[in-house]
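J.: Sequence:
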Amino acid sequence: MNLALFDLDNTLLKGDSDYEWGRFIVDHGLVDRNEYESRNAAFYEQYKSGTMNIFEYLRFALAPLAQRPRAELETLHEQFMRERVEGMWLPAAQALVDRHLGAGDLCAVVTATNAFVTGPIVRKLGVPHMVATTPAQEAGEFTGAPRGTPAFQAGKIERVEHWLESLGLHWGSFDQTWFYSDSLNDLPLLECVSNPVAVDPDPTLNAEARRRGWPILSLRG
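Numbers 1 to 221, taken from full-length UniProt numbering, label the letters of the sequence shown in order.
Incorrect hints may appear among the rest.
List of simulated lysine-lysine pairs, DSSO-like, C-alpha gap at most 30 Å [what the hints assert, rightly or not]:
(1) LYS14 x LYS124
(2) LYS14 x LYS48
(3) LYS48 x LYS124
Think of the hints as simulated: they come from the structure by calculation, not from any bench.
Please build the complete structure, drawing on both the sequences and the hints.
T.: So this is what it looks like as structure tokens:
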């Protein structure tokens, strides 16, 4: 059995779904434009530089989910998929996922972006498993806080291992393991697999992949 793990934002998507969700709720008047837009952009720059405090960011990003009923959020997300996500779709990324699925590999998307934003995207990709940052809920409504360890940087390893344990598996259960990512933030998980692949990588990951002789793949050509 083989394992194939995929980062989502800027890897399987041509863009960042978390950042675009923030822009979406700004454009639709769901949050104050001046304050939210500037903070969203600042956090995104911190993410790209590898300096983001994930808990500070989640307090910011999850707060709007607690301010509206779940049913309204679900309707908004359907609109978000049409207006933002469809434009980020990469046929080559879908083909990559389908190739691993067709080979019978155990496949999962592993993403720091919260599961509310990413769940419908992962289902559209046809990936059967997702390891994502979990927004806490009470009686089906979001609280504005995360639950458990965020799937960010080394937290991705912890969350993947817990997921594998829930299936009665571990790293040694697989002949080959892959992780595809664009981001320097994913170096810890890339180091865990037998086949790390840098996908349209940021400058830091690009340099590290070249130094280590890892494959570099583009899904945007």
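J.: So if I understand the rule, the pair passes when the alpha-carbon distance is 30 Å or less; does LYS48 with LYS124 pass?
T.: holds, 26 Å
J.: Between the alpha carbons of LYS14 and LYS124, is the straight-line distance 30 Å or under?
T.: Roughly 15 Å between the alpha carbons, so the hint for LYS14 and LYS124 holds.
J.: Given the hinted pair LYS14 and LYS48, is their alpha-carbon gap at most 30 Å?
T.: At roughly 15 Å apart (the allowed maximum being 30 Å), LYS48 and LYS14 satisfy the hint.
The structure is consistent with each of the numbered hints, conforming to all of them.
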